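Trainee: Order-wise, the sequence lines are chains Z and S.
All residue numbers for the first sequence refer to numbering that gives the first Met the number 0, where the first residue is 0 and numbers rise by one.
All residue numbers for the second sequence refer to numbering that gives the first Met the number 0, where the first residue is 0 and numbers rise by one.
Because the hints were derived from the structure by calculation, they are not lab data.
Keep in mind the model is a prediction, meaning the values are calculated, not measured.
Among the clues, some could well be false.
[As the list claims (entries may be wrong)] Under the rule of at most 30 angstroms between Cα atoms (straight-line distance), these lysine-lysine pairs were calculated in the DSS-like manner:
1. Z/233 / Z/190
2. Z/254 / Z/243
3. Z/190 / S/58
4. S/371 / Z/254
5. S/351 / S/371
6. S/58 / Z/52
7. S/249 / S/224
8. S/374 / S/148
9. S/148 / S/266
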Amino acid sequence: MTMEKQAGSADNQVEKLMTGTQAVAQAVRLADVDVTSAYPIRPYDGVMQAVAKLIADGDLDAEYIVAEGEHSQFEICKHASAVGSRVFVGSSGVGWMYAMESNAVTPSLRLPVVAMIGNRALDDPGAFGVEHNDALCVRDLGWQLNWVENAQECFDATLMAYRVGEDPRVSFPIGIGVDGAFITHSQTIIKIPDQELVDEFLPPYDLGNRLLHPDNPISIAPQANEDWVMEIRKQTDDAAHRVKDVIWEAHNDFKRIFGRGGDNPFFEEYMTEDADYVLFGMGSLALPTKVMVRRLRDRGEKVGFVRLKWFRPFPDEELTEILTRFKAIGVVDRDYSYGSPGQGGVVFNDLRAALYNAEVRPKIINFIGGLGGRELTPEMMDDMADTTRRAAAGEDVPMVRWIGVRE
Amino acid sequence: MTTGREAGDTIPADQDTQQGHTSTEVREEAKSVEFTYRGIFQKTLAANLCKHVVMAARKREWLGTTIQRYSDSPERNGIPAKQFAVIAPDTETLEGHMAKYEPNELDVISCLDDTMADGIESWAWYGRQPINVRLRRGGTLLVISNRPKEELLRIIPQKPWDWTLAILSGTPSLAGLWVYRDDGTDMRVLGAIASTRPDIFEMSEIEAVVRDDDALGDDYIAALKSGHDEVQTHEISAGEGAPDTYEPVKLPGYKEMREAIIVPAVKVGEKNPNYRTSSDRTMRPVVNFDTCIKCRQCWIDCPDECFDITDEELHPINYSYCTGCGICAQVCPVEDCIVMVNDLEFVEEGDKDMFPLWQNDKESYHEWRDGKIEKGRIQHHDYFNADTWAWAGSGQAENTPDRNDSTARNS
């Protein structure tokens with residue numbers, strides 16, 4: 000590659016200009032993935048091209064299996080994971096939905112499949128832009144889900160996914176939500192560490208006595224009836240309780256080894272100190288939001304922004320701790336949930352539930368926007384911030400409002 | 000989202016840093032460069048160009064991002080598309096230009112195929128927009144073309160402010176999905192940008208980037224210099240150029256739209272006015288109705304059902320639906336009965352049906368047709384076999400390293 004500038008001899012990381020999907024592929028290379036399966040759908044397909052290129056160039060030694068559809072694609076990786084292979088898979092929109100039967104059982108089998116979900120509207124209408132409803136469809140099933148802001152986080156989150164997902168206390172599949180087009184198809188300069196650093200962070204994949212192998216005779220997922228299922232669900236639930244602690248450990252190691260990652264693994268606080276009210280959301284909408292928060296701060300507004308990184312596990316205690324000091328929170332959902340409480344978005348209602356038992360509850364309002372890849376502009380953020388400001392001041396504002404839709 | 004003529008003018012004149020400064024003094028704000036290209040055929044070319052703009056900016060310790068958007072989403076063969084590079088002095092300035100499909104103002108627009116210079120409809124629902132719709136005050140439109148300024152200004156719409164037209168001689172460099180046509184075009188365009196807009200990057204900066212790259216040898220430096228030295232610039236005044244007839248499309252509100260994702264269609268035999276083509280066409284067929292043997296191969300094989308059938312069983316072409324794919328010319332069994340001609344030869348005709356001319360005055364029709372063919376006949380090998388390294392001396396193509404094996408340049 001052309002651009003190999005030493006970012007600092009101490010941290011052994013090089014700078015490269017990459018799209019979000021190429022950044023994920025670099026993490027796949029350094030994680031030394033054993034098996035990947037691919038089936039094209041935009042905007043995920045950038046990563047399958049990038050991984051194929053790494054294999055073709057001899058930079059990654061992995062099985063690359065082109066499936067005949069997403070259902071097989073995810074099944075292949077699920078099974079490969081069971082026999083001890085570190086796997087990488089991914090999809091977008093309705094492709095991810097076509098794999099849903101496999102997706103639904105992977106957490107119960109406790110297989111740490113890592114998937115990049117290039118967020119895309121669920122056709123119909125045939126569309127390619129970002130919407131978070133595709134990945135959110137697995138939110139109740141045991142998939143651990145995070146959302147990234149830029150190409151650097153694509154890389155970082157992928158390494159974190161292997162570390163957290165494969166931890167024996169967790170052993171869950173992890174989905175990395177990458178906003179279609181805005182992150183998957185735009186290039187920025189990222190830092191990539193060398194193999195030695197990555198090896199320090201990421202131990203080899205070891206299923207232990209759950210490895211499906213003739214020398215370890217086990218049978219996975221026999222038929223069960225009402226005498227068994229509930230106990231199996233409770234085991235999965237116990238594991239779900241352990242994920243946050245493992246994320247904290249991994250986060251601390253990540254920061255120590257790579258020198259980045261922020262104060263806390265679950266969310267990013269932006270200009271929240273002394274803020275009266277904040278906007279709250281996931282993914283690339285952070286960019287126009289931060290632009291507008293800076294402008295509003297220049298105008299003397301006490302506004303901030305909180306970007307949620309991990310949606311599952313939902314960091315309810317941690318969010319309660321920081322959010323209850325604000326008077327109002329404006330949740331920006333790049334998703335919809337028809338008929339939900341208050342007819343609000345998915346993140347909105349999860350956040351409301353998380354804060355319900357707090358002694359002091361801020362006003363929480365909701366904005367639904369950016370669907371199907373529509374741009375969320377700083378001007379829209381200005382509008383949303385202003386409504387949130389009025390809510391903080393005790394004014395009566397609509398609880399849920401669609402932003403940027405043509406009437 | 001600004002979609003119309005107001006785009007390119009969101010910076011008031013009194014705040015516009017182009018005014019009263021030489022270009023190299025203007026570095027305090029983000030700079031945006033667009034590459035307008037033919038989908039798939041020039042995708043890797045556009046990606047290479049964007050990448051190099053950002054890397055050249057790094058030589059000044061600036062940051063950058065590239066944005067690609069599949070226009071006809073997903074990108075298809077020949078459909079006009081755009082990729083962008085935005086560079087900025089710091090992260091915060093750059094952030095304001097991210098998570099967007101396209102910049103509001105373009106400092107430089109590079110049109111990599113002059114058959115798009117009359118405008119493109121890359122955003123699908125916005126109609127055919129002027130090629131320079133978002134070109135800012137004092138911006139530069141760079142066109143690869145062998146046509147003179149006067150001819151290009153017949154099709155490039157005017158702006159309400161002064162701008163610069165830069166012309167780099169050459170034919171469009173077209174490739175395919177899995178190959179990159181490594182003919183030096185990327186380097187020549189970069190050299191031309193360095194020459195006309197050193198505020199984006201200086202020649203020394205882009206040269207340093209190329210020298211850093213082990214895959215790029217001296218030929219590429221020569222190509223850079225060729226673009227730098229050969230580009231011709233013309234200062235264009237406000238109001239100079241073709242009339243700007245673009246009308247921004249008004250999209251309906253959700254209460255006006257039919258429910259359940261339903262749009263009107265047409266009855267059998269009718270043509271859907273929503274599915275007209277325009278800017279994806281680089282060449283068009285012209286027919287000799289006198290040598291036609293009425294075999295109907297063109298009518299059968301046309302993927303867009305452009306061919307009508309007359310009472311005499313002839314097949315006039317409805318150009319409003321023709322993408323210029325050339326299949327009709329390939330399947331026609333009669334030599335020179337259907338000939339593909341560069342679409343820029345039809346600025347005056349537009350999509351007009353010329354069959355009535357043949358019916359009324361065969362001599363005039365043949366005079367018209369022969370003239371078009373003489374001037375603009377497209378031979379397949381004109382595009383795909385020409386040795387465009389020729390500008391740098393003979394035999395360059397054989398001596399240059401093979402960059403086709405790098406998917407980084409194809410993805």
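Trainee: Compare the structure with the hints numbered earlier in the document and write down the numbers of the violated ones, lowest to highest.
Mentor: Those not satisfied are hints 1, 4, 7 and 9.
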